[in-house]
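Trainee: Using the sequences provided together with the hints, build the complete structure.
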Amino acid sequence: MLRELEKAEQKWGGSNKLIDQWLENRRKLLVHYCQIAGLPPYTNAEKSLPSFEHVKSFCDLLVDYVSEGHFEVYDQVINACEKFGAPCKAAIQQVLPKITPTTNVALDFNDKYAETQDDQVLYQLDKDLSELAHSMETRFELEDKLLEVLHSKYSEHAQQA
Numbered sequence: 001m002l003r004e005l006e007k008a009e010q011k012w013g014g015s016n017k018l019i020d021q022w023l024e025n026r027r028k029l030l031v032h033y034c035q036i037a038g039l040p041p042y043t044n045a046e047k048s049l050p051s052f053e054h055v056k057s058f059c060d061l062l063v064d065y066v067s068e069g070h071f072e073v074y075d076q077v078i079n080a081c082e083k084f085g086a087p088c089k090a091a092i093q094q095v096l097p098k099i100t101p102t103t104n105v106a107l108d109f110n111d112k113y114a115e116t117q118d119d120q121v122l123y124q125l126d127k128d129l130s131e132l133a134h135s136m137e138t139r140f141e142l143e144d145k146l147l148e149v150l151h152s153k154y155s156e157h158a159q160q161a
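Residue numbers for the sequence shown follow full-length UniProt numbering, beginning at 1 and rising by one.
If you are wondering where the hints come from, they were derived from the structure by calculation, not from laboratory data. All values derive from a computational prediction rather than experimental measurement. Worth double-checking, as some hints may not be accurate.
30 Å max Cα-Cα, derived DSSO-like pairs, lysine-lysine [as the list claims (entries may be wrong)]:
#	residue 1	residue 2
1	Lys145	Lys89
2	Lys56	Lys17
3	Lys11	Lys83
4	Lys7	Lys98
Quick list of simulated restraints, FRET-style, between CB atoms [stated by the list, open to error]:
#	residue 1	residue 2	range
5	Asp128	Asp20	29 to 37 Å
6	Glu9	Ser57	29 to 37 Å
7	Asp60	Gly85	34 to 42 Å
8	Asp20	Gln94	23 to 31 Å
9	Leu39	Lys98	39 to 47 Å
10	His70	Leu39	22 to 30 Å
11	Ala90	Met1	22 to 30 Å
12	His54	Gln93	36 to 44 Å
13	Pro87	Lys17	21 to 29 Å
A virtual CB, placed ideally from N, CA and C, is assigned to each residue, including glycine.
Mentor: Right, here's the structure in full:
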């Protein structure tokens with residue numbers, strides 16, 4: 001997922017302040033994910049559970065990221081695509097509904113882990129993190145499609161001008 005993020009940053013970085021911020025927040029989320037999942041370079045030799053505070057911090061980033069997409073970035077992408085006509089808007093409207101299930105997975109994860117103080121719940125973390133990672137990977141791919149549609153329309157428009 002980090003490699004895909006790097007590709008997205010190279011492709012769209014610097015084109016829009018909101019997109020740059022959004023991609024930076026995706027990076028923070030992925031780094032934090034790797035930390036609590038114990039993935040390289042954050043492997044934990046003792047194989048202990050992450051702290052409740054670390055899990056809560058990850059949940060906060062997750063909800064912030066999901067919310068930012070729904071309440072800021074997607075709206076701006078839709079508004080920008082409206083300038084480019086029906087085909088652009090149709091492409092966006094095909095992608096957006098596919099993102100909703102990934103939002104639900106993220107919110108369910110948050111509901112389960114954000115306020116827990118129960119070690120028994122944390123024993124389920126690996127399985128739930130794996131499910132979340134799959135869902136977020138799907139989400140990132142869909143979000144990148146939104147950005148690609150917008151980027152291609154801006155590029156076409158710039159060439160015509």
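Trainee: Report the numbers of all earlier hints that the structure fails to satisfy, in ascending order.
Mentor: 6 and 9
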